[in-house]
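Asker: Residues per chain, in single letters:
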Amino acid sequence: MGSILFDRFNSFVSGLSLPDLATFIFAGLIIILCLFIIIYQRQLRNREANTGRWDFIADHMIRSAIFFEEDEPVEPAKVFEQIISTQKFAVPDRLQKLLKNSHFRKLLSGKLVAAKRNMTGGASDNLSQLYKQLDLDKRAIEMLDSSSWYLKALSLQQLGIMGLQEYEEKIFGYVNHKRGLIRVEAQNAILKFQGFGGLRFLDTASYPITEWQQIKLLDELSQLPNEHFTGIDVWLSSTNDTVILFALKLVKTYHRFELYDQVKECLKHTNPEVRRQAIWVLKELPNHETASDLITVYPAENTRNQITILHVLESVSTGSEIPFLSGLLDDESDEIKFNTVRTLASLGTEGMEVVMQHPMSDKFPLNQIIAQIKEELR
Amino acid sequence: MNWQDLLNTLISSLFLFYSIFLLSGYIFIGLYSIGELKKYLRKNSFTNYRILANASEAPRISIIAPAYNEGANIIENVRSLLSIYYSNLEVIIVNDGSKDDSLEKLIQAYELYKAEYFVNQKIPAKTVRGVYKSRNSIYSKLIVVDKENGGKADALNVGINISGHDYIVCIDVDCILEQDAILKLIKPFLEDSKHRVIAAGGVVRIANGCEVEGGRLVKVHLPGQLLPRMQTLEYIRAFLLGRMAWSRMGGLMLISGAFGAFDKEIVIKCGGYNHKTVGEDMELVVRMRRYMEEMKIPYRVCFIPDPLCWTEAPATFKILGRQRNRWTRGTIETLRLHKIMFFNPKYGLMGMLSYPYWFFFEFLAPIVEFVGFIYFNLFVFFGQLNYSYFLSLLIMVYTFGVLYSVFGILMEVRTYNQYKEHKDISRLLLTAFIEPIILHPFGVWHAIKGNIDLMRKKTSWGEMTREGFSTAKKGK
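Chains A and B supply the protein sequences, listed in that same order. Residue numbering for the first sequence is 1 to 378, as defined by this note's numbering. Residue numbering for the second sequence is 1 to 476, as defined by this note's numbering.
Just chain B, same shape as in the assembly (with noise of 0.2 angstroms):
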């Protein structure tokens, strides 16, 4: 044997053993997700939230909403986080220097009047312009909040230095929440005596297709298109295995920023959201645990994997792509902002297994796939590797995708089923075996883009175009 030969021998078996590695931790969060799931929907069987929405010592909760350019549909969204059915709730809407009519909008539909506010800056934010506040009764529980632009995490940071309650669920505008969203994902933070619970995040599922009426979720259907029914099966895998995986470890790292409650006050001992990454979610719970690991204090990150908030997901390629860049971009800032943590002792769980697995599956992934995907061409094309053993390993890779999407189906099957009508299932199975040729390599490919955009010192979130649920709309 050669040089050149042991060369290829040694590179074909790191490609070999990442991939096992990979497949193994993906079947160890398939499985590991049961039992939590099972646990979790017999335990919410006993629930009784009614008793929730009503009692006097029920935790009081700020929603903060932040709002940049939502003209089309924000009178009927601040309409829907109005009806919540809460007792202890206040709104806060933040109109992030909007260049459309919103606050214009807000101001007559909601009857507001600017209101003398003294605004705490226990987080600094941009200059607030003005706080407004209903003349009418009905609506008491809204704030509207108008500031310079900052970006979102800007606008939660004015938000939660604006409430005035000791919880923050922190949305956005455009989610479509279910009836009792706020009531399940508070629970979690009455439930445990011994930890103290951060922030608790829900599932958030794709409402393209589906029916939506006065802000709210008519009638769940799969998604006639196939690029967001692709997406749909990628949310039902990330959610209801990965997440819940994670949270029955103890080790969650990310709760989505579209819908998730967070304890004030450890909120701004942190410093609140970073406005200079754009993976601020991400990046708050990852600050969050580690001054809870800091300061010793016990703590959890809560999981529900009811399905709670409805967004929409990207129609098009172009609009996709920009998404997966900034998801790229924010891991790695986020990994590169706590690296300290990286196989840290000091940080128990969260610095041995979970930074860790967001290093070596979420962000090195993409690039030792593109990388092996090149390689194995280029000696292929130049005989030095056997095709055969290639295109053997590519295949196993495409049918454990397909198994573990059709695992992901069978538990939403088994669990909240909430894709009834009589194709939805087979076709969302036929999906299985068509996303990891689509949406796979094109998730892979704007993740090497969102590298070579970090490096390039890119910062732009990148306009996400939204074609909403009856009109067509724009978001930031």
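The shape of chain A in the complex, shown without the other chains (with noise of 0.2 angstroms):
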């Protein structure tokens, strides 16, 4: 029987031309895809109705949790039936059986992780040892020995924000990781252990440290208590231009006047951003030789630094700078001559006279450029 169909099933493809044949399976995939969207969706829809009780269940032991306090006796919760931990939290035991399936696993870790976020003292600790209690840091460092760059990188993440610190050797392994993303889950996770200190991934990071890092790690930074932390002036000298420009970034955000020195070196650095980055934080730590370190670099810069460094001069001029200043109202370029206007106009009468006593000052641009700059003082 089998012999007979799959030779009339042969002699049925062998008579079909490339086109039909074509049409067939195109056919059968189309009739396949349906199938699959239509069964996924139903599926969805189930997990979504299923996903209303799991977050009941997942949010109730949350807040029981983070409002647990050491002297209160260990009831059995009202809402659950059975109690079978004798661990710190009561446990529920649906919630136990829950644990076993992937998709609660996921849906209560990332419920914990967005409440550790927004949690600090004892409540924050709290949620700390419910996840250890539900063995979840275990899943996390199975999943952190995974050859998936997803897992490893969720489990960082996880492990950082719950603030695991007995992994923080294993984690330290990963902060110069190849994989961008896995890279940047454990230079957070140790700054989340470390404050100021974790920033010692930054002595030997010779992968990029990107701009959305940067923000990320500053954000980071910006929630920890001021301290006054060292290595900056080794980072400043790295061999890696985004560690000096993360390390500018430090300089500027938390004042470090004692590096002056270091940052006008960084004026010289081949890397046009490293200098633009150098002048605007030069800014911040202005002292009576700013404006002249600055205007000395100003011949050999490329336009936009120049138009940095005028820019900064509006704020570090001491009206020294005017003859400097007079000389590039005659710029070729518009913009140069915009922001020498406006750097002028910042120093006051004198500045403005300057300006005014120009011979183009009556004829455009500088006509114009003054008019606007005028209204802006008013």
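What you were told as hints is all true, and nothing was included just to trick you.
Derived DEER-like restraints, expressed as beta-carbon distance ranges:
#, chain 1, residue 1, chain 2, residue 2, range
1, B, 421, A, 53, 20 to 28 angstroms
2, A, 46, B, 250, 33 to 41 angstroms
3, B, 87, A, 303, 25 to 33 angstroms
4, A, 364, B, 421, 56 to 64 angstroms
5, A, 100, B, 421, 32 to 40 angstroms
6, A, 230, B, 121, 48 to 56 angstroms
7, A, 365, B, 48, 43 to 51 angstroms
8, B, 39, A, 363, 55 to 63 angstroms
9, A, 320, B, 130, 32 to 40 angstroms
Derived from the structure by calculation, the hints contain no laboratory data. Cβ atoms here follow ideal geometry from the backbone N, Cα and C, with glycine treated the same way.
Please dock the two separately framed chains into a single complex, following the hints provided.
Answerer: Spelled out as structure tokens, the structure:
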């Protein structure tokens, strides 16, 4: 019977032209995909129905942990039927069973991480303890040992936010990982464990610290109590340009006036972006030499950095730069002219007089620039 | 076999070969997009966009929105732009010589005054009649520019000249943005230290039938009308599959004019938007890529699969025809302007793959399809060709079209699943069977007309009448 069917199928297929055969294959795939979409949508709806129930169970458990106090007698929760745990938190039987479901575990871990982000003090510690009590840390370590970059990064994120310092050494092994996301999550975790001390990963960072990661790190540091940390001088002379850029941002954010000379050295760096960042940083560390330091490097700079220098001079000029600035009013670039007028205007009447006395001050574009700056000053 | 048979066989084989080539391209794109989509979604799950919105180190962005006769909705549209949650932002509305009362309405609603303003003409553009700022500090982010009419590209160039920030986001003023659209669009510029990200685009979705309140999208619905619904399917295919795959390959040549972010320095170095083409969005991206290749600067053009921007699709065949006609002309003009890159290894992937793909699959496909259809019909009519073979070929192409759409729907369901109502996906699946026999031939016909119009040197945009989300409104 089987061989007859096979023969018939064989002769049917061999009688088909190439387009016919392709049509049959495409039609078959259409049917399979349509069925898959319909079944998948049904599954999604079922999962969504479950999620409501799971949300309730997970939220209740997290709430219990947040409001748990050590001296409180451990009593069975009213909502849940049976308590099987004898550990710190009473874990209902239903939740224990649900933990075998990977979707529920993912949901619970996500909720714990989100709650932990917004908590401090005892409530925050309780959440970490609950995370461990439910063995979610062991699951996280399993994920860390998996081959998937996504699971590794997820694990690092969870362990970091949960503040599980016992895994610090293992996590530190990933701070220079070739995968960007893994590297970033490991660096963030170390920062959570050690505060400013965690920045030591910058000593050996060989991969770029992207601007996005720099913003994340600065945000992470902004949540820590301010302290006088060391190492910036080393990072300012790193061979990794992105480490220098980040170090410059640290100098600016934490007003490290003592590093003025090291920042000034960065004005000679080969990377124009490093030089530009250094110019901005000098604005935050002004002293009586800043303006002349910037004027010294001005002629060799590209237009973008020259404009940045003019912006910074608005804040750090003392008045002795007026001869230099008046010379720039004849620059070919209208953008330079515009920023020069603005800088001269910031020096008060004396600066504005120099602009007004310029032979081209009543001609375009200088007249239009002057009109705008005057209106801005009003 | 006589010479006629030989010629028939040769031509038939050529069409078959072209079809197989085209279908293989689509299969590759469909499959190749899966990995990129999965990677993006996973990576994105780690992102906390709130950090970026408030960070002092976040890049400074200028949103540029050209407006022409948008008086009916301009106040709401601008309010929607001003409500975007991002610290380092300025919103530049360029009134492109509107004949209606757009400017007066803006002056009144946002307490504007004509400011003294020096416009640095980094890119040549039409004369600026005035720059307006608000007396009210609540609207300090807003700059309104009034200029002589010069078309969308010219208005965008004026916006670039006015912009004081490092990145520009060009949008259609009547687009509805997702709350975190700017954050998502700007993030790729911060993530790559090895390449300079020169442009980024996101998914544009069809807003017809959706619920909109106060310039915000409240609820997503599949369009009730067939024509916008077919375009919804078309957009899903184009954005989720096509652009995602090209982004993964590093060969993306088009960022939608409705919503895209650009590195201003590179845009200025390239001379800004070209106002001599009706496909200024594609032409700018191609020119920027060409510039980067010629300068030998490592760069990237990124694409975000998140639905960031919702726009109203043409609801009538007349308006849709004009749009498709314009798209065709824009494509041809861009390809013509940059023909030096065609199979030119100097331009890397762009010259060897992206440009030839656009040439063979986007420009040539409707022509081959149209000519092939006429050829086969004629030969069948004169009994020179086996009718059943022609039919087989046609059905094969049809089933493949349906399959590709169904695959697109699958990707939509597995990723963003925007259409959650019970019957939405069934209706979308049904649309997949209808679209190849209505929208596709219609598109081919208007592509042919676009080719003819271009030969006749027609350069107009064609009026785009929109129905509006709640009330009727007119657009350029």
